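So the chains spell out like this:
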Amino acid sequence: MTELPVPGTLAPTVPGRWHRRPGRGQVTVAMSVVIALALLLPLGLLALDARAAGWTEIHRVLFRERSWYLLQHTVFVSVLTVVFAALIGMGAAWCTERARLPGRRAWTVLLVLPVAIPDFVVGYAWHSIDPTINGLFGATLVMTLGTYPLVYLPVAAALRRTDPAMEDTAHSLGAGRLSTFVRVTVPLVRTAVLGGGVLVFLTVISEYGVFEILRYQTFTTEIFTEFQFDAQAAGALSVPLVCLGLLVLAVDGIIPRRAVTSSTTSRVAAPQPLRRATLATVAALGVLVVLGVGVPIGTLLYWMAQSQHSTLPAAATLGAATGATISYSALGALVAVVLALPVAMMSFRRSTTPRIFLERSTYVTQALPGVVVALSLVFFATHYAFVLYQTSVLLVVAYAILHFPLALVCVKTSVAQAPARLADVGRSLGKGPMVVFLRVTFPLLLPGLLAGFCLVFLTAVTELTATLVLAPIGVQTLATQFWAYQSEVAYGAAAPYALVIIALAMVPGALLGLWFDRERHVRANLTP
Amino acid sequence: MSTIELRGVAKRFGVTPVLTDVDLVVPDGSTTVVLGASGSGKTTLLRLIAGFEQVDAGTVSIDGRVVDDGVRSVRAQHRGVGYVPQEGALFPHLTVMGNVSFGISRADRSRAQELIDLVGLGGLGRRYPHQLSGGQQQRVALARALTIRPSVVLLDEPFSSLDASLRTGLRRDVARILTETNATTVLVTHDQNEALAFADRIAVLRRGVMVVSADPHELYRHPPDVTAATSLGEANILAAEVAGNWARCALGAVPLHSHAQVNDGPAQLLLRPEQLVVHLEGGPDTVAAIVVDTQFHGHDTLVDLVVDDPEHQALLARVPGDLVLSRGQRVWVEVHGHGRVWSIDHGTDGESPAARRRA
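Order-wise, the sequence lines are chains R and F. Mapping the first sequence onto this note's numbering, position 356 (from 1) lands on 356, and the numbers just tick up by one. Each number in this note's numbering corresponds to the 1-based position in the second sequence with 1000 added.
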C-alpha cells in the first residue's frame, strides 16, 4: 500500500490539472444577476423619469378626468379580449387535440398563423374595408383575432400532455361529454388558460398601432401622442400602465398552481367523433381563420392590385427597409438568446429559492409595454449616454429586453435536454470543459436556442411601437414605412411592406412549428 | 496498481450531510459493491471518486495518488476513471459509434468497434440511443466508459432499470468484460442479490455512514448487526439466551461459531432460512411447526411457519422446490450449521427482534 501523502502539502503532479474547489455555478449566478438588473433597468429609469418630471407634472397629467377615461378604455378592451381569446383558444384546442377533426394537422398550423401577422396590419385591413369598424368593438375584434393563439398554444400543449385516461375515467363514471369537459378537461388546462390569458392581457395593454388606427384611445396611444410634444408627460403617463401590468403579473404569480400529473404513457387520446357537429365545427374554425388570416392577407393583395405602378414603392426602398428589419430583429433575437442562456442554466441546474426568484424577476419585462421600454431607453440615452442616442443600438437593446421572456422559455426547454450528468460523462471520458460544451452541451441546446431566436425574431419583425420611437432618423424599417403610408391613407403603398413583414414572420413561424413537433417526438421516444 | 482508497471522506450539500467519515479500500483489480437504500449517499460516493464532486473532508486516492484532499482535487477529465451512469446517460444526439468513440481520437475508431463488438452490439453502430432497448443502452454506456482504458470503472445501478430476465445475462456479461479488462470496479446498488452475485467485497452504506465492508460470504453469515443481516437477504432473527457456545431459542439449543465473542445472557440470534431444514416426520433435535404460507420460486420454496407451542414463534424456511407443503400442515424443523448472535445490550441498532426479514 502506498503511503498516503499528508493532505494539503501535496504538490500537483501535473501543473494546471488541479483546481481549487469551484463555486457551484457561481459564474452563471453572477451573470444572471447582471442580466436581471439590466432587464429591470427600464423600471428604474421610469422612476427616474417620473421624478425628473416632478410631482406637479405627474399631478397635472394623471389626476384629471381623462386619465380615468383612458384607464377605463384600456381595462375594457383588455378584459373583453382576454375573455374572448380564452374561449376561442380553449375551444380550438379541444377541437384539434380531442375531436375527430378532418384535416387536423392543417388546422394546427392555420390556427397559429395570426401570430405571424402584426395586429396593426389586421387593424388596417378591417378599417380599410369598413371605416365604421372602430372603437371598442373594432379594437376587441382585432385584438381577439390576433391574440387567441396565445391561449390556443399552451392549452393544446397541456391537452396533449395530460393523460386521456382521466377523461375516459370520467366517461366510465357516467359523466357526459359536456360534463366531462367542464368538470375534468377545463380544470386540467386551467393553468395553461391562466398563463395564456395573462399574456393576452399584457399584449393588449401594450398595443398601440391597432388602437391608433381604430381611433380607440388607451394609455399607449396617449403616451405616444404626448411623447411627440412633451416627453416628461409621457413618462408620467407610463406609470399607471406599468402598474397595471405588474399587478396582473403579481396576481398571476400568487394564484396557486397544482402540478398536473403529466401522462407517462405515450398513449394519445382517442379523438371523439363530432358526428353531425363536424360541419359546424369546421365552419366555425374556418370563419376564425378567414377573419384572422384571410381578411388581412386578402385586403393587402387587393390594395396592391388596385394601385398603379407609380404609387407602389420602389424595389430599392422596400429592399432597404427589409434589410433594416432583418438586421435589427436578428441582432435583438441574438442578444436575447445569449442573455437567456446563463439565466436558464442557473435556474435549471439547481433550483434554490434565490435562484428561482432571480429567474422570475426577469419575467417582469413582460409587463412593460414596448412604448415604455422605448421611452425609458430614450431617457437613458439623453441623460447618461448621448452617444447612443439615435443609434440602432437602442433599438436592438429594446428588442432584447422586450422579448427576453420568450427567449428564456425556449432556452429553458433546451437546457432540460442537456442535463449536467451528460456533461459529467463527457468529462470522465477525458475531455475538458470547452470540448464537452462544444460536443455535448451545445448540440443539445441548439434546437432550443434556434427556437428562441425564431420566436424573438418573429415578434421583433412584427413590432411597431418601440420601433417607431427608437429607429434612428433616416432609417426605415418595414413597420415604420408601413405605418407612415397607412397614416397618409396610402393603402396601396403600405400593402407591400405588410406583406413582406408577414412573409418574414412566416419562416421562423414554420421552423417553430417543426420544433414543437420534434419536442413531441423526443418525449414519445423517452417513454418506453 | 489501481487501488481506490477513501479515508474519512465527508460530503454535505448545503446543510444536509450526505456522507460522514467514510473509509473504503477497493483493492486493485477487484470488484466492490456498495449496497445501500436510496438516499444513502451511494451515488454521491461514486461522483466523488469520479471527480464530479469534491470532498469536504478526507482524502480520495487512486493508484496511491491523492486525487482529492478536501482543498484541491484532480479534475474528472484527468482521472481516467470510467463512469457508467444510471440508465446509461448516452448522448442522445450521437449514434452508438459516436457515443463510444467520444473519448478517443478519430484514428482509434477500430478500438471503438472492438468494444461495441465486445459488449455484443456489433452491427448497431449507426443506431441512435432512442432506438435501443434499456439493456443495449447499458452495454453502450459500458463500452463508452472502457474506451479510455480506465484502470477504475464505476457503475451506478447499472441493472436496476432492466427486466429481471435481462438482468442476469447482462450482469454476467459485464462481470466477464470487467474481469478481462482487469479494471478495479465499484458498483453501487440497492439490490442485495446483485451485490452478492457481483462482488468480491460488499460495502454497506447506511445514511451516509459506511457500516461494514467485507467478503460477501463472510457478510452473509456474519453480518455486523441486525440491519445488515436483513439487508443481505431473508433472515430469522430470534430472541435467544446465550450460554457459552450455545444459544437457546424457540428451536432449542443452537451451536454458535467458535470465534463468537458474546457475553452470556439475552441476545438476538440470526438463522438464515436455508439453515432451517423441514422434515415431514419428527426426529431428534427437531421442533414441531405449522405451515402458515408458502411462496413457490421454482428451484426452491420459502415457507412461513410458526412453532407449534404457545409462543408461536414465526419462522421462515427455505425448502427444495419439489417439497410440496400445504397450509396448516404439521412439519418438524431442524437447525443446520451455526448461529450468529448479538447481545441485546449492543448491536441491535434499534431494530425490534420481530423485524425478521427484509420486505
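Worth flagging that the hints you see were computed from the coordinates, not collected in a lab. Incorrect hints may appear among the rest.
Unchecked claim - Okay, the calculated bits of chain R under chain F, using three or more residues with CB under 8 Å as the criterion: (1) 76–85; (2) 440–453.
Unchecked claim - SDA-like cross-link-like pairs, simulated, lysine to any residue; straight-line CA separation at most 25 Å: (3) Lys-412(R) to Leu-37(R); (4) Lys-412(R) to Arg-1109(F); (5) Lys-412(R) to Leu-1094(F); (6) Lys-412(R) to Ala-157(R); (7) Lys-412(R) to Tyr-1128(F); (8) Lys-412(R) to His-1130(F).
These figures come from a predicted structure and were not determined experimentally. Glycine included, C-beta positions come from ideal geometry on N, C-alpha and C.
Of the hints stated earlier, which fail here?
Going through the list in order, the structure violates hints 1 and 4 and respects the others.
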